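*Asks:* Those protein sequences? They're chains A and B, same order as listed.
First residue of the first sequence? That's 1 in my numbering, and the numbers climb one at a time after it.
First residue of the second sequence? That's 1 in my numbering, and the numbers climb one at a time after it.
Hints are computed from structural coordinates only; laboratory data are not their basis.
A quick note: this is a predicted structure, and the numbers were derived from the prediction, not measured.
Among these hints, one or two may not hold up.
[As the list claims (entries may be wrong)] Below, in silico cross-link-like pairs of lysine to any residue (SDA-like), each with a Cα-Cα straight-line distance of 20 Å or less:
id, chain 1, residue 1, chain 2, residue 2
1, A, Lys119, B, Thr12
2, A, Lys119, B, Ala362
3, A, Lys119, B, Ala10
4, A, Lys119, B, Thr6
5, A, Lys132, A, Gly149
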Amino acid sequence: MSEPLIRLRGVTKQFGEGEAAFRALKGVDLDIAAGDFMAVMGPSGSGKSTTMNILGCLDVPSSGAYLFRDHHVEHLGRDQRALLRRRYLGFVFQGFNLLARTSALENVELPLLYRGEDKRRRHEMAMVALEKVGLVPWARHTPAELSGGQQQRVAIARAIVTHPDVLLADEPTGNLDSERSVEIMELLTDLNRTSGITVLMVTHEPEMAAYARTIVHFRDGLVESIERKPA
Amino acid sequence: MRGAGTRLLATTALLAIRAIRRHVLRSFLTVLGIVIGVFAVVTMVTLGKGATQSVHDQVSGLGANLLTVLPGNGPGRGGGGEAPPPFKPEDVTAIRGQIGGVTAVAAQAQASETAVYNAANWSTTVNGTSDAYLDAQNWKLTAGRRFSADEEESGKSVCLVGSTVARNLYPGQQPVGTTLRLGSISCTVIGVLATRGQGGFGQDNDDTVIMPIKAVQRRLTGSRDIRAIVVAADPAYDSAAIQLSIAELLRQRRNIQGGKLDDFTIFDSRQIADTLSGVTGVLTAIVSAVAAISLLVGGIGIMNIMLVSVTERTREIGIRLAIGAVGREVMLQFLVEAVVLSCIGGLIGLVLAFFASLGLSAMLGVPFVFDPLTNIIAFAFSGLIGVVFGYFPARRAASLNPIDALRHE
Ligand SMILES: Nc1ncnc2c1ncn2[C@@H]1O[C@H](COP(=O)(O)OP(=O)(O)O)[C@@H](O)[C@H]1O
Ligand SMILES: [Mg+2]
Chain A
1 MSEPLIRLRG
11 VTKQFGEGEA
21 AFRALKGVDL
31 DIAAGDFMAV
41 MGPSGSGKST
51 TMNILGCLDV
61 PSSGAYLFRD
71 HHVEHLGRDQ
81 RALLRRRYLG
91 FVFQGFNLLA
101 RTSALENVEL
111 PLLYRGEDKR
121 RRHEMAMVAL
131 EKVGLVPWAR
141 HTPAELSGGQ
151 QQRVAIARAI
161 VTHPDVLLAD
171 EPTGNLDSER
181 SVEIMELLTD
191 LNRTSGITVL
201 MVTHEPEMAA
211 YARTIVHFRD
221 GLVESIERKP
231 A
Chain B
1 MRGAGTRLLA
11 TTALLAIRAI
21 RRHVLRSFLT
31 VLGIVIGVFA
41 VVTMVTLGKG
51 ATQSVHDQVS
61 GLGANLLTVL
71 PGNGPGRGGG
81 GEAPPPFKPE
91 DVTAIRGQIG
101 GVTAVAAQAQ
111 ASETAVYNAA
121 NWSTTVNGTS
131 DAYLDAQNWK
141 LTAGRRFSAD
151 EEESGKSVCL
161 VGSTVARNLY
171 PGQQPVGTTL
181 RLGSISCTVI
191 GVLATRGQGG
201 FGQDNDDTVI
211 MPIKAVQRRL
221 TGSRDIRAIV
231 VAADPAYDSA
241 AIQLSIAELL
251 RQRRNIQGGK
261 LDDFTIFDSR
271 QIADTLSGVT
281 GVLTAIVSAV
291 AAISLLVGGI
301 GIMNIMLVSV
311 TERTREIGIR
321 LAIGAVGREV
331 MLQFLVEAVV
341 LSCIGGLIGL
351 VLAFFASLGL
361 SAMLGVPFVF
371 DPLTNIIAFA
381 FSGLIGVVFG
391 YFPARRAASL
401 NPIDALRHE
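With the rest of the complex left out, here is chain B (with noise of 0.2 Å):
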């Protein structure tokens, strides 16, 4: 008995696509709504997972899990207040050693100039670091050489330009050996940097000229604050448990009794790479949203289409009730039929998807990341939506009375 009903279900299954081919255009306004549903859902997820790949990618890109030590407390300062005092340089010899599980740790101080060579101007952001920054970011060269211990300690006036700058200041040429001017200073270039493309925010990493830290302070920003300590951490180690001891020594160094808030912010890469993949998570579960409508919108289409074809073929019902057709039979007939129509549907979505997501990601620049998963599940979901949506039609064909099924003009 299994067997015929597996043969059954494999007959009603060609009888479907047959009575799906006799209407092509018909079936095919129908099963729009799965197609548009399933499409927009499997090209926003597909995007999605490629923009998180992405983050993904250049937080392992930078080697270590990178923790970045801020002033201030959250990203936007609050209005009034005093502004939290900057870190000082001992400040980072002690985390360096004191700190376990800690790879590289580097200063940052920054100051916005324009840079000019020969004629051409660029206004850029001037990083003054060391090579610890570097090392922290894995961050390679392409030409030329990286500090020396000596022009570090010395705070010579020497840079390493990115990209970006080189590209802009130095059309085909190398700009390895040349002197750049740096707003009211100048400085040698001993090398430059390999491009890093977008940061996570959507910021030009490569649009930077980086100098020794101590250069920077004294020549630029007049001063000893460091804006920002870079600290690369030992993936061995958990990147939140370093997190805590530098926030301990830090409250100890900054003064901040028990009950107080830190007044500096330490961001974890790993973190960040999180958030941005939980944004892209809520705009796939937005566009999700939309797409759910359009495939309720298109299961109420393919119930539709559904009754109007159990009524055209009434008299055909009644004649595979009266040939000795139970109900449950003709009822799986029709339920079959809508369920192909929505597989087709849901089959054309996803084809769609994949050309559209391959060159929707070409365009954004995020790599193409087919997941099985997500076609199955959605190919999955619209069978579903065949089932639930065919299955009242399904039931009224089974219910007819087979005596008035074959008198019906």
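Excised from the complex, chain A in its bound form (with noise of 0.2 Å):
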């Protein structure tokens, strides 16, 4: 096992202030290594979100360290967090989230514009992208001409077209049948071996987490059990 990617260490969350102060995490310790697949488990509410939201560096931790390739990156401010999850993150998220209207192949060239990448190498590796998720045939089409789980490949397209170290997905078969949820989950397999992307993935369903390597069981804002896989 190489050095862990990602160490948080006592990571706590609070929202709000005084009476109406709640404490979704209490102290999550967790390592990730470079290449894993790991899912996170856990009843509605145990703060998976919020521990997928502060690894995404969409959100800081109330108190406690987080350490990306051995950064600690807990105190960064705005602008720097948006860079760091330009360069080495992508998101899939349950409701897809694609801009509406707007061509497939344009949502995957997206994070690569705020890349300054050029036209050309846009649409190069955008299709590349397409490529990995079989949609190349529907590159042209919009999100409303696409199913939940075209769409949700789209989604996933756009998260690895910049070569993300990690791929964050909170619950993202969450909106599809269990037909669709299987083709996502061995896309992001396929993703994980092939391209060593480390993957984290939320998850309700046992069936889905049977997919990962790894997968981390949160209770009331902390971290229960962790199972591994044998390799």
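These two chains come separately, so use the hints to put the complex back together.
*Replies:* Here is the structure:
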């Protein structure tokens, strides 16, 4: 096992102040190895999404340390976190979150725009990503013309088009039937194996979690247990 | 990094146009204020410039700089007091003889008479003056000849008719050679004057009959009084200096003591032109103020629609932020959108203004003067409005929390 890519140490997250204060995370310790495929499970409200948001640098912990490639990132400002996301992270959401009335290709090109890639290179890279998710023939279609499974695959292409280190997916199959869900899981497994991308995924379903190599169980804002499958 | 920056700007401009195209009608209504504002300002300024130009054209059409000397202090004579004495022929001779830089000096006596030819009659102004008057004003004839020295000297009853008089009394006829009755006297028409059009104050310059001054004095006014002296200044000389020396000379001749005010006034045609330009300037300023309010309202409209847009596209903003857009990139996108919107409004306003001022200047009889600078400034200003009023919504978009934005329905 290599050096952990990500380390959380005593991470807490408190929402609100005073009387209304609520501690969603109460001291999370977690190591994530580069190249891991980790499923995060646990009851509703146990802090899975809060943890994912912190891991994805969309949010900051109230206390504790977050080391990304041995760098402390828990105190980074808004723009620095944005640049970190741009460079190292890719996101897949439960609700797909594609730009409406915008073709699959343009959706996938979007992150490259913020990287300052020129038009030709954007097109090239986006087509490669669409190829990986098997949607080249659908490149010119808008989300409204695609099925849920296809939309989620466009979202995955958008997440991986910049070759991030980590793909974060909060309940990526939550809006899909089991057949489409399996397709998505197979795609994530494949990306994890062939591209070596670290996948962090929240799921409620044990069948989906079964695709992961490591399963983390959350309860009441704490890591309850970690299962690691033998290699 | 700079290359990436411009590329981003180009791309955001494209995104902006796409976003605007998605809501054509709404976008149009949004920019209506800008359209009206730019339209009003540019049309007014263009017409104003045309009017100014036409005044200047008329003044330069007069040839040299014209100084008109009138008795009295200022245009309207204040009530009471004695009427200032009129000028005498000797004053004219003195100016001609003693003032340098003067190319022509003409005395003028005036009478209002009804001109009659055959059954037609026409009320007009009879101007008693000399050939020098025609020289001073660079006034040509379309038919006939000017006065001879002998006719001027002896005050013969000959006359030149203005084109308005000719048109009204001699429809389809040649006036030269006919005998025209002016009130109780009659004169032989020896020439027809070229059309000069409206004067700076809207009076018809062509509604006149010109006779030798001695004829008018002897037969119509019955005195040697001179109503006005017209002096043409050599353009090479400073007309203000000439004006001063004429004033000095006349003060002496009219015996005005040191502290007393002039009892005559000298108008400089160039000053009159400047005054008229000033009037157009004031009008333009008033309309511009109205237009500025319209632009302000237009700006608020843009701000409003941009705020709506930011709310509608909260999720999109969340996606962009999650993907790694930094705040100022999101801000730039919305700012560019606001600027593109307002620039489109400005452009529509400019196009409308172009055609409106083309049509209106034809209707008003002023030349159409397309002024690129006015158009550029108006356009730049509409862009500026986009920046100013797009700033607040854009900043709001940029400061959204990505997690909340992504959750937004
Ligand atoms: N922005 C917030 N403000 C207040 N409470 C929050 C906020 N986000 C999450 N919570 C609370 O924190 C707890 C953990 O939420 P979350 O991490 O979303 O749980 P889940 O494991 O279901 O993803 C929940 O009780 C939730 O209500
Ligand atoms: Mg959740």
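*Asks:* Could you grab the alpha-carbon distance between Lys119(A) and Thr6(B) and see if it respects the 20 Å cut-off?
*Replies:* Distance ~13 Å between Lys119(A) and Thr6(B) Cα, so the pair holds.
*Asks:* Given the hint that Lys119(A) pairs with Ala10(B), test it: the Cα-Cα distance must not exceed 20 Å.
*Replies:* OK: Lys119(A) and Ala10(B) at ~11 Å, within 20 Å.
*Asks:* Mind checking the alpha carbons of Lys119(A) and Thr12(B) for me, to see if they're no more than 20 Å apart?
*Replies:* Status holds; Cα separation ~13 Å.
*Asks:* Would you check the hint for Lys132(A) and Gly149(A), treating anything up to 20 Å between C-alpha atoms as holding?
*Replies:* holds, 14 Å
*Asks:* Please verify whether Lys119(A) and Ala362(B) have alpha carbons no more than 20 Å apart.
*Replies:* violated, 50 Å
Figure legend: structure checked against the earlier numbered hints; the only hint not met is number 2.
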